[in-house]
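Student: Chains as they are written, first to last, in the numbering used here: chain A, 1 to 102; chain B, 1001 to 1253.
Errors might be hidden in some of the hints.
To be verified - Quick list of in silico lysine-lysine cross-link-like pairs, DSS-like style, CA-CA up to 30 Å:
(1) A:15 / A:73
(2) B:1111 / B:1142
(3) A:15 / B:1111
(4) B:1132 / B:1142
(5) B:1170 / B:1132
(6) B:1111 / A:66
Don't read these hints as lab results, they were simulated from the structure.
Note that the structure is predicted; figures quoted are calculated from it, not measured.
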Amino acid sequence: MSEQTEHTHHIVSPKIYVVILLCLLAGTAATVWASFLELGIWNPIVALAIATGKAMLVVLFFMGVKYSSKLTKLTAISGIFVFMALIGMTLADYMTRAWGRW
Amino acid sequence: MSDSPAIAHGALAEAGDSHEEHPAYQRHHFNSVEQQADTTNFAMWLFLLTEVMFFGGLFTAYHIYRNWYYPAFVAGSHQLDVFWGTLNTVTLIASSFTMAMGVWCAETRRKNGLVVSLVLTFLLGTVFLGIKSIEYHEKWEKHHVPGFHYSLQSFINPASDPAAAAYGDKPLALDMARHTELYFFLYFAMTGMHALHMIIGIGILGFMIFRARAGAYTSGHVTFVENFGLYWHFVDIIWIYLFALLYLISRHQ
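With the sequences and hints as input, model every part of the structure.
Tutor: Next comes the structure, spelled out in C-alpha cells:
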C-alpha cells in the first residue's frame, strides 16, 4: 500500500499562520462592515459566505487539512456532507408541509 | 493489578527484553509511531464529526425557528451588542493563532515557545469567557433569560429600551413578542454549549501548560498538542458562524 508515503509529517511555517491570522482579522472586519450596509436579502448571504471563507482558512491551514492525509481530507469533507444532509433533509420536510398554523 | 506492582514490573522487564526498541510513548498495539499518530489523529477527526452533528442540530433549529418567527428573532438579535461580539471574534481568532503557533513550537521542539503559546491561548480563552459573562449579565439584568422572570418589555414597548430604540424597532404583537423567548433560548443554548467547550478547553490547556513545562511535548511526541489544536480550532469555527448568525444577519430588518 502507498499510505506509507503520506506519513511525512508536514510542519506549517509560522509565516503562513501569520498570513492566515491577518486574513481572518480582515474577514472579521469585512463581515462587520457588510452588516452595516443595507443589502436586503443579501445581508445573511454575504455574512454566511464570509464566515464560510474564514472557516475554510481555519480548516485548511490552522487545522492543517491542506497538508494532511487523504483519510483526514475525506473525514473533513464527510463532516460538511453530513451537516448538509442534516440541514437539507430537515428543511425538505419543513418546507413541504402545511405547518403554517403557528 | 495495583496490588501486585512487583509482578507487573517483572512482566514488563521480561517483555522489555524480547521486543524491538521503540520510543516510550509508542503503545504496543501500534506498528510504528507514525501509525499511532495517524490513528489518533483520525480518532480526533471522528470526534469532531460528532461535534459537527451536535452543533448542526442547534444550527438547524435556529434556522427553522428564525424563519417561522422572523420578527421576533430580528428583535431579539437587536438586543445583542455587535461591539462585544466583534471583540470576542477577534479574541478567539487570536487564540487560534497562538494555538497554531504552539503546535509549531512543539513540532520544532521549542519548549519555552510552547509554554508561552499555551499560556497566551489560555489567557485569550479566559478573556473570551469574561466578555461573554458581561453579555450574559446584561441579559440577566434586562430579564432576557428564558424562564419565569422573562420580560417582554423591550419587544412590546421598544421605545422604553435604548437597544431596541436604536434600531427603530416597531412594537410586536403579544403572540409574536412571546417568541423572542425562543430566540434567547437558542442564543443561550448555542453560546452556552460553545462556552462549555471553551471551559473544557481551558481546563485541558491548564493541564498542558504543566506538562509542557516538564518538557512532555517537545521531545518528539506532539500528538496531544496537535489534537487539542484541532479541538480548539473547531470551537473557533463554531463561534465564527455563531457571530454571523446571532449578531450580524438581522441588523437591517
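Student: With reference to the structure, classify each hint as holding or not holding.
Tutor: Status of each hint after checking the structure:
no.: 1; hint: A:15 / A:73; verdict: holds, 23 Å
no.: 2; hint: B:1111 / B:1142; verdict: violated, 47 Å
no.: 3; hint: A:15 / B:1111; verdict: holds, 19 Å
no.: 4; hint: B:1132 / B:1142; verdict: holds, 16 Å
no.: 5; hint: B:1170 / B:1132; verdict: holds, 28 Å
no.: 6; hint: B:1111 / A:66; verdict: holds, 26 Å
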